[in-house]
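J.: Just so you know, the protein sequences line up as chains A and B, in that order. Under the working numbering, read the first sequence as residues 6 to 372, first letter to last. Under the working numbering, read the second sequence as residues 3 to 381, first letter to last.
Some hints here could point you the wrong way.
Stated by the list, open to error - DEER-style ranges, computed between Cβ atoms:
hint, chain 1, residue 1, chain 2, residue 2, range
1, B, Arg68, A, Leu85, 33 to 43 Å
2, B, Val37, A, Arg50, 16 to 26 Å
3, B, Ala287, A, Glu191, 50 to 60 Å
4, A, Arg57, B, Arg191, 22 to 32 Å
5, A, Leu192, B, Asp42, 11 to 21 Å
6, A, Glu326, B, Val37, 50 to 60 Å
7, B, Glu118, A, Arg175, 47 to 57 Å
8, B, Arg160, A, Ala296, 21 to 31 Å
9, B, Glu79, A, Leu315, 57 to 67 Å
10, B, Arg68, A, Arg50, 28 to 38 Å
11, B, Arg68, A, Asp120, 49 to 59 Å
12, B, Glu49, A, Arg34, 29 to 39 Å
13, B, Asp42, A, Glu79, 29 to 39 Å
As the list claims (entries may be wrong) - Listed below are several chain B residues computed to face chain A (Cβ distance under 8 Å; list not exhaustive):
hint, residue
14, Met167
15, Arg333
16, His360
17, Asp368
Think of the hints as simulated: they come from the structure by calculation, not from any bench. For every residue, glycine included, the Cβ atom is placed at its ideal position computed from N, Cα and C.
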Amino acid sequence: MSTEVEPYKDEEFLIRPEVQPEHHLQHERLKVFLGYVSGVGKSSRMLDEGRRRRLYGQDVVVGALQRHLPAELEQLVHSLEVIPLKKLDDGEAMDVDAILRRHPQVCLVDGVAYDNPCGSKNPKRWMDVEELLAAQIVVITSLNLQHIEERQDEVEKITGRRVSETVPERFLYAANEIVIVDVPPELLLERTSPMATAAPGPAYTARQLSELRELALLLAAEVVDRQLEDYIRAHGLALLWGTQERILVFLTPDTNAPAMLASGRRNADRFQGKLFAVYVRHDRLAAGDEAHLRQHLDNARLLGAQTDVLDGDDPVEALMEFARAHRVTQIFAGHPSTEHWWYRFLGGPLDRLIRAAEGTDVRVFPH
Amino acid sequence: MDNDSEKRGQLRVYLGYAAGVGKTYQMLADAHELVKKGTDLVIGYLEPHNRKNTIAKAEGLETIPRRRVGYRGSEFEEMDMAAILARHPAVCLVDELPHTNTPGCGHAKRWEDVLELLDAGIHVQTTMNIQHLESLNDQVWNMTGVRVRETIPDWFVRQADELVMVDLPPRALLNRLERGVVYEPAKARAALQNFFKETNLVALREIALRQTAHEVEVHTQPETLPETPEALDEAHRPAASPRDVLNDRVLVYVTEHPSTAMLIRRGRRVSDYLHADCFAVFVHAEMDFNDLPAAKREAVERHLTFARNLHIETRVLQGADIAATLLEFARLHRITQIFMVRPRYSRWQGFLGRNLIHRIVRHARDMQVTIVAQRRQDH
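Extracted from the complex, chain B is given alone in its bound form (with noise of 0.2 Å):
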């Protein structure tokens, strides 16, 4: 125990599937059990909500005392960094593990200082809702309506040592709310109207549970190929091995649309549960990438570093025949698959043949094509 200070510390995430299951309790009361046994663990952060039984249940444990910032004349407190790091405990209690944090104070995100914690040491046990999650923020948005702004990536909750899923009957939620247990009441009026209708609670509770027994398999049979896309010039690698041909590769093809992110994001989650590679790349004809319309350009930039972020290695292609080119790339690479966002028609179906993604579908006759919906939240 004396050396960790040399290996990175452990991830454990409780995942639950809204605010008010309980999982900040469960936290609290496992790190007492740890307190017991003698580890050396302090609070970090703790949202609390107002909530009298999971302040009572922080009783008792060392809490780190938050930092003041200011912003836009305003205060607003944060973790302390500099302070746990000093203090540099055994374990560190995170809550709310997808918060954005004050402009101007170290990382944007406390996903990232964790992984400052993390690579200082320190075992981090944090928080988190199965909304929060980046690639099921459309599934997320097309049931509930709500478009979840704070996002986790993937790769991190994958590198979580432990997950523990924190489950409650929506109806037993739904009574914690209505007791005003989990907010006060007129938040919990607005809430129980909206977000926490009992069907978007049945439908957030059986994909987090979905998710954790994904994420439990992926770490039971631990995958032999590398977490990141092979580098591209092993293209020329000698002919195929069997293992070539199990394995997906998956190219997404991003354009300046909007929609763009949704295909990324669909495409890295197919990509995982396929133990596929993934590839994102944006196709011009003009010559040079700078004479692309500014705003154009912008958009493109803005999606390949999306993707980066999301661990999908990117590629910016030239060719005057957009699919020629993509397809040129594709076989080079080996893909087996192509992901495109199904097109806006309009209403004359006019010459459906020379849509540029029919086009496509029309000459990757060698590979799998898939046509992303997009879905409209409907009702």
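Next comes chain A alone, as it looks inside the complex (with noise of 0.2 Å):
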């Protein structure tokens, strides 16, 4: 169906000249299974993850569990290794002193949002896991996406509520590996008895789940993209183009800006998608020109978008260095409200951007 001329290439063959092996992230020591709602198998995953690396040969115990475990879950935990839990007052929590004496090499750890209870060493579960990652145990962790904390205003606005035990995102995104446990709402409405959850969770609507669905598909993107802009960073590789829509909305004096980043915002929100917003400040730029374009910066900071003053005296080439180092795929530029008749022949500033937007997409807008 493709009408390209290229040549053609085997897609797993392709052998080109400058072939040098990656170095890889950095070793595994976090990972995390990560599921929109309960029941969709994230703990079934790390359990049999456990079972799996014990075939293998690695050292592998069970640290916590969740409060209510399903009973086909039983069997797995059974073929493995537990640390019993440290009854205190208030409750249990996860026996980190314990845990850190075994010393084993891989520890499982389920609800690790949970809250410890009063007498604990940490607080939280999650800080729990903290100290045994410090002490060079690798953790198996599973998590749900309403516990997030960052996400409580997002899941709310789904579910109607909020959780209380929550870990902050900066856990998954220190995690070396997460896997994203996808069920589809409709599977895991049919999914009656055996597979469902055995903790009481509410019941929510498909659209719901599927609300809550897209969000974790989305963090789960969001983690990735950080790992591979490391990954980019740290082995000096080229950028790479269009795993998400990044839009620039390039402010220049006399142009329709407010159109222009309503537009990048709406637009941003569709790509579910970055948005910038730059001028560019330079000699040529009059005093109360650049006091209008530090306005509509400040209400792009508003709607969300990342900003900065550039400086150049020439603004396209500024523009585009800033467009390389953020990977944008997408430039709002506007027409100017006046021009010269000569841009007719010779081209204007506008031209000039197109010319040397390579490798990124140019909209032009209206004025």
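Put the complex together from the two separate chains, hints included.
T.: Here it is in structure tokens:
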């Protein structure tokens, strides 16, 4: 169906001259199974990974489980060594000291969002996990999107509820590996007794489940994007185009900035992308114009754009440098309200931008 | 369940970001669950790739034997459509959706076979990798240096009732490759040095996650607009309603240049995300389309067919002044955004303002014009 004329290259056998082995990311230490609701099978995946690692000869223990474990998972647990929870006056907590003494290679920790009872070593279970990680123990855990601190507003919008026990998002970003456990809501709703979670959770509608699912997928994409960026930086690789739409609004005097910013916001939202806005400061910029541009930039910030003031005698060059550094895929620029007659022949700044924007789309806005 | 033959079957797609993430395995595991519940399920086609676990997982499931097809002195095995339709199960598993069938045996593409099964009221569960999605073809090429040939139009995936993302961290996938789980050693070594580089995998994974999120969103907020572009005569509707103001209408400017394919994909993708109607328009100055040189005519026709295959409405216009003709059409049809390819510039800039693309930008001051870059594969 493709009508391209590039020579055929087999997808998995392409040999490039400059093949060099890439160094792998840091050694894995924390692995998180991320799901959008309880019952998608996160715990099961975590325990199964523990079982498989044991088969490969790794020293695996179970550090902590959820309060309510589905019956069919108990069998999986029985095949593994379990470090008993520590009993305290107000409840139970993961026995961090016992695990540190036992010092396994791999420790499975479920219910990572739990609060620990009074008198525990740490107030939160995820802090216990950080202690294990610091002791060079590999931790495999599972996390429900709804328990991420920074996502509480979004989750509440969907479900009408907030949860009290949360994990900060940075915990997820620190993970060397995350795995999204994805199940379509239809399938989840179909699965009645056996696969359903033993924990009596709230019943969600298909729509709520879909919205939570979308949120979880985008969060996972965000984590993966950061990994990609770190990796690219660390290895000095060329920046890649197109994992995500990134829109840059180029603010210049005498253009319809409000329309460009509004469209930028709407487009970034539709694409689940990022929004940037900049103007370039140079000698020929009138003070009055700059005051206007600064105002637009403030508005852009209110719209959630990442903003910057660039310096450079050649605005187009300064803009393109910023665009490349931030992996911008689309530049939004505007027609000025008036135009010199010679632009018709020689081209104006806009024509120069289009010419310079190699590798980036340019969207020109009316005025 | 019994009168399902009347209704169209439902489609479930298992989406991965690379070979070896476990799509087929997951599909088979879910199939066993269905069979346990008494569902009449068969394997229509399975590509085991000599993977031990996959083969073991298929045991106990009914398999429709493949059909042997001769072509140019060789024999190939294909899915036996006639046998599946005769057997008419409730659910049929069809592995490797992007497969191209051996010429001369039914449909050209396996996804067309799947459409036929769905039309016959059979539910289909199938597997594919993200890089086979048509609108991502250029991005995948830019990132990986690989031009994927077997593509699936986005609308096919969009009509899936369920999309399941099968995820595995790239490190784990690389381990599997190194252990020889995915391919035999020679192929695995070549794969590791090329497509399966860690950056490629991480990037493809991110795209797969975002694509799945997008499909979930589209399904959650069903679009009130019709799926196909509205008939163009509707341009004469009464005054613009608020919906017209909010909804973009995208025009892709088609030429004979090979970069048009990339432009069409980009226009399609942007339209999908913006819930916009999309048109592909070619303009010729010659009095008659048939007056065009044969090579140019064929290239344009190929591009227009490509656009139609992606469910884009196409138009061929005639006008001595190409820029003026295009813009007149755009205004008449309330186009909000024109897509054009960034020209290739010679070293000497010359009269930049007189270049056709730049002229259109200059004259289209009442709508948005997007000049799409031709991304190179330069790393």
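J.: Next step is simple, just say for each hint if it's right about the structure.
T.: Now the hints, each set against the structure:
1. Arg68(B) x Leu85(A): 33 to 43 Å: holds, 41 Å
2. Val37(B) x Arg50(A): 16 to 26 Å: 22 Å Cβ-Cβ, so the 16 to 26 Å window holds.
3. Ala287(B) x Glu191(A): 50 to 60 Å: holds, 53 Å
4. Arg57(A) x Arg191(B): 22 to 32 Å: Holds - the Cβ-Cβ distance for Arg57(A) and Arg191(B), about 25 Å, lies within 22 to 32 Å.
5. Leu192(A) x Asp42(B): 11 to 21 Å: For Leu192(A) and Asp42(B) the Cβ distance comes to about 18 Å; the hint holds.
6. Glu326(A) x Val37(B): 50 to 60 Å: Given a distance of about 59 Å, which is inside 50 to 60 Å, the answer is holds.
7. Glu118(B) x Arg175(A): 47 to 57 Å: Holds, at about 50 Å.
8. Arg160(B) x Ala296(A): 21 to 31 Å: violated, 47 Å
9. Glu79(B) x Leu315(A): 57 to 67 Å: Since Glu79(B) and Leu315(A) have Cβ atoms about 59 Å apart, the given range 57 to 67 Å holds.
10. Arg68(B) x Arg50(A): 28 to 38 Å: About 33 Å separates the Cβ atoms of Arg68(B) and Arg50(A), which means 28 to 38 Å holds.
11. Arg68(B) x Asp120(A): 49 to 59 Å: holds, 56 Å
12. Glu49(B) x Arg34(A): 29 to 39 Å: holds, 35 Å
13. Asp42(B) x Glu79(A): 29 to 39 Å: Hint holds: Cβ distance 33 Å, inside 29 to 39 Å.
14. Met167: holds, 4 Å
15. Arg333: violated, 12 Å
16. His360: holds, 5 Å
17. Asp368: holds, 5 Å
Figure legend: structure checked against the earlier numbered hints; hints not met, in rising order: 8, 15.
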